[in-house]
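Undergrad: Here are the chains, one letter per residue:
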Amino acid sequence: MTRATPPSSRRDGFSVGFYKLLFMAPTILVLALVVAGPLLYSLWLSLHEYIITYGMGDLIWFENYTLMMSDEFAGVSWVTMKLTVIVVVLEFLIAFGLALLLNQPWLKMRNFYLVVLMLPILMTPVAVALMFRLMFNPNLGIINWVLAQVGIPEQGWFGDPDLALATVVFVDIWNETSLMLIMLYAGLKSLPQDPVEAARIDGASSWQILWHVTLPMLKPVILVTLLIRMITALKSYDLIYMLTQGGPGKVTETISFYAYRLGFRFLDIGQAAAVSFILLAAVVALTVLLLRIMKEN
Amino acid sequence: MTRLKKTGLGVTAALLMTASGALADAAAVCQGKTLNLLLETVPDSTALFEVAPEFEALSGAKLNMEAVNYSLMHEKLVPSLTASSGSYDVLVVDSYWAGEFVTANWILPLDERIAADGVDTSVYYPALMDVNGKVKGTTYMLPFWQYAMGMLYRKDITDSAEFQAAYKEKFGRDWRLPETLQEYAELAKWAGEFTGKAGVAMSGQRADPVVMEATNYLFSLGGDFYNRETWEPSLNTPEAIEAITIYADLMKNAAQPGALGANFDDVANALKQDKAVMAIQFLFLMPTLQDPKESQVVDKMAFARMPGQDSLLGAWGWAIPTNAANPDCSWEFIKWAESKDVAMKRAMAGGQPTQAWIYEDAAYLERWPAMSAVGGALAHAKGLPVMSRATQLVEVFAEVMGDVLANGTDPATAIANAEDKLARLTRGDPLLK
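Sequence order for the protein chains is A and B.
Per the numbering used here, numbering of the first sequence is gapless, rising by one per residue and ending at 1787.
Per the numbering used here, numbering of the second sequence is gapless, rising by one per residue and ending at 1857.
Derived by calculation from the structure, the hints in this document are not laboratory data.
Since the model is a prediction, treat every value here as computed from it, not as a measurement.
Take the hints with a grain of salt, since some may be wrong.
When the alpha-carbon atoms are kept at most 20 angstroms apart in a straight line, the in silico EDC-like pairs for lysine to aspartate or glutamate are as follows [what the hints assert, rightly or not]:
(1) K1579/B x D1698/B
(2) K1845/B x D1728/A
(3) K1845/B x E1644/A
(4) K1764/B x D1449/B
(5) K1724/B x E1593/B
(6) K1845/B x E1553/A
(7) K1500/B x E1562/A
(8) K1676/B x D1561/A
(9) K1857/B x D1834/B
(10) K1579/B x D1554/B
(11) K1579/B x E1536/B
(12) K1676/B x E1553/A
(13) K1613/B x E1553/A
(14) K1845/B x E1562/A
(15) K1806/B x E1663/B
Here are a few chain A residues that face chain B, going by a calculated C-beta distance under 8 angstroms [unchecked claim]:
(16) L1630
(17) D1650
(18) P1651
(19) T1722
(20) A1723
(21) K1740
(22) R1751
(23) F1754
(24) L1757
The calculated label-pair distances, taken between Cβ atoms and stated as ranges, are [claimed, not checked]:
(25) E1499/B x L1521/A: 26 to 34 angstroms
(26) V1575/A x E1718/B: 37 to 45 angstroms
(27) R1782/A x A1749/B: 49 to 57 angstroms
(28) E1784/B x M1559/A: 39 to 47 angstroms
(29) A1507/B x V1524/A: 12 to 20 angstroms
(30) E1474/B x V1524/A: 55 to 63 angstroms
(31) M1559/A x K1592/B: 19 to 27 angstroms
(32) K1709/A x D1715/B: 24 to 32 angstroms
(33) A1847/B x M1546/A: 45 to 53 angstroms
(34) Q1588/B x A1564/A: 29 to 37 angstroms
(35) A1847/B x L1533/A: 28 to 36 angstroms
(36) D1689/B x V1524/A: 38 to 46 angstroms
(37) E1718/B x L1705/A: 51 to 59 angstroms
(38) L1512/A x D1689/B: 56 to 64 angstroms
Glycine is no exception: its CB is placed at the ideal position from the N, C-alpha and C atoms.
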């Protein structure tokens, strides 16, 4: 049976393409207003000298972007990269382990565990940060109290340059692992069981099944999960704002927090917009990669 | 004219203002209006919430008051102030935002209103009018509450015979409060060892906490951020380097654990939980240290002026935003909030009065005896420079302190690294011409 080819024009003289465009026009218009408009405006701002206190200054083209060459920007980029790599890797390992565990047929009360493990992602990062700020409070927090019971001296946590980033990573893992867990668990549940059964009949061990059957089949899901988490980690801001304000010194200052500081503390909208565009470029690059991988798989 | 006479006149003026025409004015311009206010979560604001219904009854206006944490205030205000019609009708302005707000034309001058209504600004401590009332000779704000800083210390410990004997043995002199920053640092380190507590509770968190605290060290040794006549950066001086060196030394060797991530709430908590002997902090922490529900050091704390030359002085001032919908009603509210009766109610609730006569009121001093030291603190205090980009100065100095405290950079290098930024902050500033 063959499908009829739709007519390229209608009796009223307007082409189908015209009607497609006409019906999509409201959506395109709304998108232009709420997405493209602000983006273009901030691009325009990034090309100007604009300190709010003094008002809009001259067009300086890409001078704000030369900030990228500064030690300061290199420092916050390095922190962002460290934070991203550490949280993505650790969260993936924990989430994948938990997803495998939840996927075991012998596990009872699976839904209960799932609900409990999902709780952190349901909480807003601000609430999570406040909770951990109190728990890690060097003088009043329960963590130091517990450590003191076993003879470990009080730690400064968010105030210790050697521990601050690690402590932020800990909080991030607690808050964000659930997202990866749910994606990986959904991926595992959707895998066909026939190849696993066939491998088992052929005498493959559990480890061999995991390495040679499950992981290759799950690869697209893993890649998408890692990329989505990398994109969100690159934009880390809320936990940093609530937990450390980028300190001590600048040891936990990410690019997003740096952009915030330029915009809201230094009131330098031009530079803040430029930094935001640099971050946007990194996120877009990752998104393109993500789309390409999804297409290939 | 003596200050007492001036104060008396001020009180009389305030009384007359409250009792007669002012209330009629309020009803005439405020009836049916809504005033939106953004306040900080501090005792003065809490007290104001309690008496706000009085203004609503007098004026017929509805007050919509929002109190938020300090760190949120500036970033909430700026977008509102840059809009053509703002969200707020009355603002409280931190002293180091004053220059920025005036340059950006975000707040209205008040001189004409002050003159028209005969408001007596001489009731305020002159230092507070300088730091948060006038900018380049024009009055933009009326001081709402002050945040003088100085030395909070455990009087019960320093008064003990055991402490004083050990002090004499260590320092070869009878006990006395430290007179210089160097003496303070020696005392802090030794007091920590002697008591087993932190010698000093410190707030090293970026940006305001560390800057507010460390600026006291800077001013104590006679240092400053700029030469206030030429507006050239002046942080690269032996005084400033020594001040930062002492601060870093205390942070490392005398402060409570986690001090580098602590803010002034954490300092208050360390003191309240009997975990520290001293702190260079805000006097407004005193009421919370005296609250038996949350403090173990009730009646054990005392306040003394900052050792050395000067301490940091700041204040919050009432202002009317340029984009306020009802500036006349905003002004009526400010007059009411600063009237004698309301100012005293705020003070008795633990606020930090700006009107000098309150500090001479017997009932007030009986309720808050430590506040008798405020006059002394104000006499040896100065504010951050009144400049358009003082908010950014705080950020830059926080970067210097962070560089020293977290990265271990030596103070001279950290200051040298910030010289260019400091110079750029004053460039083209209309307030410094």
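Undergrad: Would you mind marking each hint as holding or not holding in the structure?
TA: Okay, the hints, checked on the actual structure:
For the suggested pair K1579/B and D1698/B, the alpha carbons sit about 12 angstroms apart, so the restraint of at most 20 angstroms is met. With a C-alpha separation of about 27 angstroms, the suggested pair K1845/B and D1728/A falls outside the 20 angstroms cut-off, and the hint is violated. Annotation: proposed proximity of K1845/B to E1644/A is violated, straight-line Cα distance about 37 angstroms (limit 20 angstroms). About 18 angstroms separates the Cα atoms of K1764/B and D1449/B, which keeps this hinted pair within 20 angstroms; it holds.
Among the hinted pairs, K1724/B with E1593/B is inconsistent with the structure: their alpha-carbon atoms are about 24 angstroms apart, more than 20 angstroms. Between K1845/B and E1553/A, the direct Cα distance comes to roughly 16 angstroms. Compliance with the 20 angstroms bound is thereby established for this hinted pair. Distance hint between K1500/B and E1562/A is unfulfilled; the C-alpha atoms sit about 26 angstroms from each other, more than 20 angstroms. Proximity of K1676/B to D1561/A is assessed by CA-CA distance (about 26 angstroms); at most 20 angstroms being required, the pair is judged violated.
Distance hint between K1857/B and D1834/B is unfulfilled; the C-alpha atoms sit about 34 angstroms from each other, more than 20 angstroms. With a C-alpha separation of about 32 angstroms, the suggested pair K1579/B and D1554/B falls outside the 20 angstroms cut-off, and the hint is violated. Note on K1579/B and E1536/B: the hinted pairing is violated, with a Cα-Cα distance of about 47 angstroms set against a maximum of 20 angstroms. Between K1676/B and E1553/A the CA atoms are separated by roughly 40 angstroms; this puts the pair beyond 20 angstroms, and the hint is violated.
Between K1613/B and E1553/A, the direct Cα distance comes to roughly 48 angstroms. Violation of the 20 angstroms bound is thereby established for this hinted pair. Between K1845/B and E1562/A the alpha-carbon distance is near 12 angstroms, which keeps this suggested pair within the 20 angstroms criterion. Between K1806/B and E1663/B the CA atoms are separated by roughly 17 angstroms; this keeps the pair inside 20 angstroms, and the hint holds. For the restraint placing L1630/A at the interface with chain B, the shortest Cβ-Cβ distance is roughly 6 angstroms, inside the 8 angstroms limit, so the hint holds.
Satisfaction of the interface hint for D1650/A is found here, the shortest Cβ-Cβ separation to chain B being roughly 7 angstroms, below the 8 angstroms cut-off. The criterion of a C-beta within 8 angstroms of any C-beta in chain B is met by P1651/A, whose closest approach is roughly 4 angstroms, and the hint holds. Interface restraint check for T1722/A: the shortest CB-CB distance to chain B comes to about 23 angstroms, outside 8 angstroms, so the restraint is violated. For the restraint placing A1723/A at the interface with chain B, the shortest Cβ-Cβ distance is roughly 22 angstroms, beyond the 8 angstroms limit, so the hint is violated.
Given the 8 angstroms rule on beta carbons, the hint for K1740/A holds: about 6 angstroms separates it from the nearest Cβ of chain B. Here the hint on R1751/A is kept, as its CB sits about 7 angstroms from the closest CB of chain B, short of 8 angstroms. At its closest, the beta carbon of F1754/A sits 5 angstroms from a beta carbon of chain B; the interface hint therefore holds under the 8 angstroms criterion. Given hint, L1757/A at the interface with chain B, holds; its Cβ is 7 angstroms from that chain's nearest Cβ, closer than 8 angstroms.
In this structure the supplied range 26 to 34 angstroms holds for E1499/B paired with L1521/A, their Cβ-Cβ distance being about 28 angstroms. V1575/A and E1718/B have their C-beta atoms about 42 angstroms apart, which keeps the hinted 37 to 45 angstroms range intact. Between R1782/A and A1749/B the Cβ separation comes to about 53 angstroms, which falls inside the hinted range of 49 to 57 angstroms. Between E1784/B and M1559/A the beta carbon distance is about 59 angstroms. The supplied range of 39 to 47 angstroms is therefore violated.
Against the hinted window of 12 to 20 angstroms, the Cβ-Cβ separation of A1507/B and V1524/A comes to about 19 angstroms, which satisfies the hint. Under the hint 55 to 63 angstroms, the C-beta atoms of E1474/B and V1524/A, about 43 angstroms apart, miss the expected range. For the pair M1559/A and K1592/B, the beta carbons lie near 58 angstroms from each other, so the given range of 19 to 27 angstroms is not met. Between K1709/A and D1715/B the C-beta distance comes to about 60 angstroms, which lies outside the given range of 24 to 32 angstroms.
With their beta carbons about 23 angstroms apart, A1847/B and M1546/A fall outside the hinted range of 45 to 53 angstroms. For Q1588/B paired with A1564/A, a C-beta distance near 53 angstroms fails the hint of 29 to 37 angstroms. Against the hinted window of 28 to 36 angstroms, the Cβ-Cβ separation of A1847/B and L1533/A comes to about 30 angstroms, which satisfies the hint. At roughly 39 angstroms, the beta carbons of D1689/B and V1524/A sit within the given window of 38 to 46 angstroms.
Between E1718/B and L1705/A the beta carbon distance is about 54 angstroms. The supplied range of 51 to 59 angstroms therefore holds. Take L1512/A and D1689/B: their Cβ atoms lie about 59 angstroms apart, and the range 56 to 64 angstroms holds.
Figure legend: structure checked against the earlier numbered hints; hints not met, in rising order: 2, 3, 5, 7, 8, 9, 10, 11, 12, 13, 19, 20, 28, 30, 31, 32, 33 and 34.
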